[in-house]
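For the protein sequence lines, the chains are A and B, in the order given. Under the working numbering, residues 1 to 272 are what the first sequence spells out, in order. Under the working numbering, residues 1 to 392 are what the second sequence spells out, in order.
Some hints here could point you the wrong way.
Unchecked claim - Below, simulated DSBU-like cross-link-like pairs (lysine-lysine); rule was C-alpha separation at most 35 Å, straight line: (1) A:K113 / B:K370; (2) B:K105 / A:K242; (3) B:K275 / A:K119; (4) B:K320 / A:K141; (5) B:K275 / A:K141; (6) B:K275 / A:K206; (7) B:K297 / A:K87; (8) B:K320 / B:K157; (9) A:K206 / B:K31; (10) A:K194 / B:K343; (11) B:K68 / B:K101; (12) A:K242 / B:K292; (13) B:K157 / B:K142; (14) A:K113 / B:K275.
What the hints assert, rightly or not - Anything over 12 Å on all C-beta distances counts as not near chain B; from chain A, calculated: (15) G45; (16) L70; (17) R81; (18) M95; (19) E112; (20) K141; (21) K194; (22) K206; (23) V250.
Because the hints were derived from the structure by calculation, they are not lab data. Just so you know, even glycine gets a beta-carbon here, dropped at the ideal spot from N, CA and C.
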Amino acid sequence: MNNRIDQKFKELRKKKRKAFIAFITAGDPSLKITEELVVAFEKTGVDIVELGVPFSDPLADGPTIQASSLRALHRHVNLFRILDTVKRIRQRSQMPIALMTYYNPVFHYGEEKFIVQAKQCGVDGLIIPDLPPEEGGALIKSARAQDMATVFFLAPTTTPQRMRYIAQASSGFIYYVSLTGVTGARRQLSFTIKKQVDMARQLTKKPVCVGFGVSTPFQVKAMAQIADGVIVGSAIVNEIEKNRGHKRLVQNVSRFVARLSAAVSIRMTKGF
Amino acid sequence: MSLPDRNGHFGKFGGKYVPETLMAPLGELEKVFRAALRDPSFKKELDYHLREYAGRPTPLYEAKRLSKHLKTLNVYFKREDLLHTGAHKINNTLGQGLLAKRMHKTRIIAETGAGQHGVATATVSALMGLECVIYMGAEDVKRQALNVYRMNLLGAKVIPVTSGSRTLKDAMNEAIRDWVTNVRDTFYIIGSVAGPHPYPWMVREFQAVIGREARRQFLAKAKALPDYLTACVGGGSNAMGLFHAFFRDKRVKMIGVEAAGLGLNTDSHSATLEKGEVGILHGSKSVLLETKDGQIKIAHSIAAGLDYPGVGPEHAYYKKIKRAEYVSVTDKEALDGLKLLSKTEGIIPALESAHAIIYLEKLAKKVRRKSTVIVCLSGRGDKDMATIKELI
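Work out the full structure, taking the sequences as your base and the hints as a guide.
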């Protein structure tokens, strides 16, 4: 097993630590800055990077990532150029990288061809929010052959039978969607998450990570108590946008991310 | 074998490509719809509303003056334009509205392009006392101000969508985002034979009344089946509604007419089946207009109801198995179609339907002998007066 995501979770489990997963949109504000950010994230306590592939119709995303996606598309970012960026990153960093992409760009590229090339460039996993495992048979098969992780989602509406099925189809980790809704920062997260994440973790030994709506160190801390990892997206994308054009963008965003990632290892005295 | 299959596939098309949050609700909707189909009381209630409220059955009208003009064709119009709210959309919104009631949902959402589906949804929501929110591209809100006014009058809240291309496709994205967020109390009424399973199947079943009536009416009048069926295709609900009942009548040829916009060689058209590629949009696998990177292109048509870069998966399937043929006509030709029907028959059609009408001139030249054709006159032209005034 040489998948960087699997290795990372193995390592974290040994240290009894939780994963901090950072999402950024590839190519916003530029692919060069994306590369610099991923490399810099290694020193900020980020365990896994989710690279967002921009899409014209991101129907699972809220306004922050929609806008970010659109900015990247205006710069003609596409799958081919993103793979090239991952290849560059690999010359400088062994950070586990999962691509978060809508299904159509991958389908259009050719699933098998894409997975083979992505693996060669150093991608470790795929997260496709509009591809449930029911429709993903061919993709899962190609991914298994390349030791590419396929991360599927659990949601608050997922039935217990489906939970088992999704856990089986997933590899790398399982993405638990904290709320019924689209991506984007929320002031408050639901208190029922714990029960559902517990249920998922009883069904599978695979790591369960919580994302959607998580944006503050306090929320990261709370989620880290109940899951194997925490995913933050829109808050980081926002911070990048705030620093657009700034010559210290990478340093400023890294500092912001370090504050979030530090929260995964803070022990909570009281239960969530 | 009847399609779609258990997983919502029409051959390789269709399916459910949605965020996980929607998987269970779609399964629940499918279950409720399946049960409703078997429940005589549901059918009775729907039939009652279609008859007493919407005005079914609609006439199958023999257009003698138009036929004389075309020489080789004997044209019959299925008059969906005479329905309440002025288009076939009400067939579907009544059906889904009744399902929403069955599921005890208190809030209705829908996307709309031209506003016809929005008006039909707002109408049914008012009828059933349900809260209603309509997503409409900001561009379309400007182009179809009259329909926005109608929806407001019916008590619906119209939300202009400013993301992406600000048209129907973006309105649908936004409606799906709303549904993901409010899925527990909200029913999403999709207006076409598109979207994730069970929608393409469900909308077809609610629109299939068009073809069932037309088949019966035509048999009674002509003692035979028609040679051709034709209808305009955007998402494809009126066309599928007409075609479906004739699926097994192998000698009846079906022709769907898409919008060629400014021309098939430009980037401004909506001829998805002629120029598109297989892809995934809005929850199903079908054919769509996309760039070399797999990004969705912006469609164009003078008829806002055809202005969509995708098409219902069952049409993609009909094309693949060659059960139907798909052609296209330009904006300019569609305007000629509108004028032609207005002057020969005293019927002002919707710009969408005008695409199917003007295609008759091409078909008339192709047929070898005198032939009969049923055209779905899917909507009336009142809504288009502002657009047409600027152009004619």
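Please name the hints from earlier in the document that this structure breaks, with their numbers sorted from lowest to highest. Numbers 1, 2, 6, 8, 10, 11, 16, 17, in rising order.
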